Amino acid sequence: MTKISNKYHAHARVEYDLQFQNFLAKLVNVSSLQPRELYLYPLMDRVVFKDFETAIGGTIADFAKASNDNEAQV
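Per our numbering, residue 451 is the first one in the sequence shown, and the count goes up by one each step.
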């Protein structure tokens, strides 16, 4: 088991938070573009979207596994 790393310093955390908020805003923006067949669905068919979806699923699974342990997994 690996303990959580402290490699993400306060400045980097702020940058990650801003980057994530920007990403979410763009995703919401694209999701509202019409027709979806022209904008959203082609994005969802791209490899990068599918890879990101897989990565999110893996992160959720890692969290669930760590939540069942006494120590967080990284």
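Don't read these hints as lab results, they were simulated from the structure. Hints are not guaranteed to be accurate.
To be verified - Now the in silico label distances, taken between C-beta atoms and shown as ranges:
1. V464 <-> G507: 39 to 47 Å
2. E487 <-> A460: 17 to 25 Å
3. Q471 <-> D495: 22 to 30 Å
4. E487 <-> R463: 20 to 28 Å
5. Y489 <-> D519: 39 to 47 Å
6. D495 <-> K515: 26 to 34 Å
7. L483 <-> S517: 13 to 21 Å
8. S517 <-> E465: 36 to 44 Å
Claimed, not checked - With a Cα cut of at most 25 Å, we get these calculated DSS-like pairs of lysine-lysine:
9. K500 <-> K476
10. K515 <-> K457
11. K500 <-> K515
This structure is a prediction, so every number in the text was calculated from the model and none was measured. Even glycine gets a Cβ: it sits at the ideal position worked out from N, Cα and C.
A quick look at each hint next to the structure:
1. A C-beta distance of roughly 27 Å is found between V464 and G507, which places it outside the suggested range of 39 to 47 Å.
2. The hinted range of 17 to 25 Å is not satisfied by E487 and A460, whose Cβ atoms lie roughly 43 Å apart.
3. A C-beta distance of roughly 25 Å is found between Q471 and D495, which places it inside the suggested range of 22 to 30 Å.
4. A hinted range of 20 to 28 Å for the beta carbons of E487 and R463 is inconsistent with their spacing of about 38 Å.
5. Between Y489 and D519 the CB atoms are about 42 Å apart, so this pair conforms to the stated range of 39 to 47 Å.
6. In this structure the supplied range 26 to 34 Å holds for D495 paired with K515, their Cβ-Cβ distance being about 30 Å.
7. Roughly 36 Å separates the CB atoms of L483 and S517, a value that falls outside the hinted 13 to 21 Å.
8. The hinted window of 36 to 44 Å between S517 and E465 is violated, with their beta carbons roughly 27 Å apart.
9. Restraint check: the Cα-Cα separation between K500 and K476 comes to about 17 Å, which is no more than 25 Å; the hinted pair holds.
10. For the proposed pair K515 and K457, the alpha carbon gap of about 22 Å is at most 25 Å, so the pair holds.
11. The suggested pairing of K500 with K515 holds, with an alpha-carbon distance near 23 Å, which does not exceed 25 Å.
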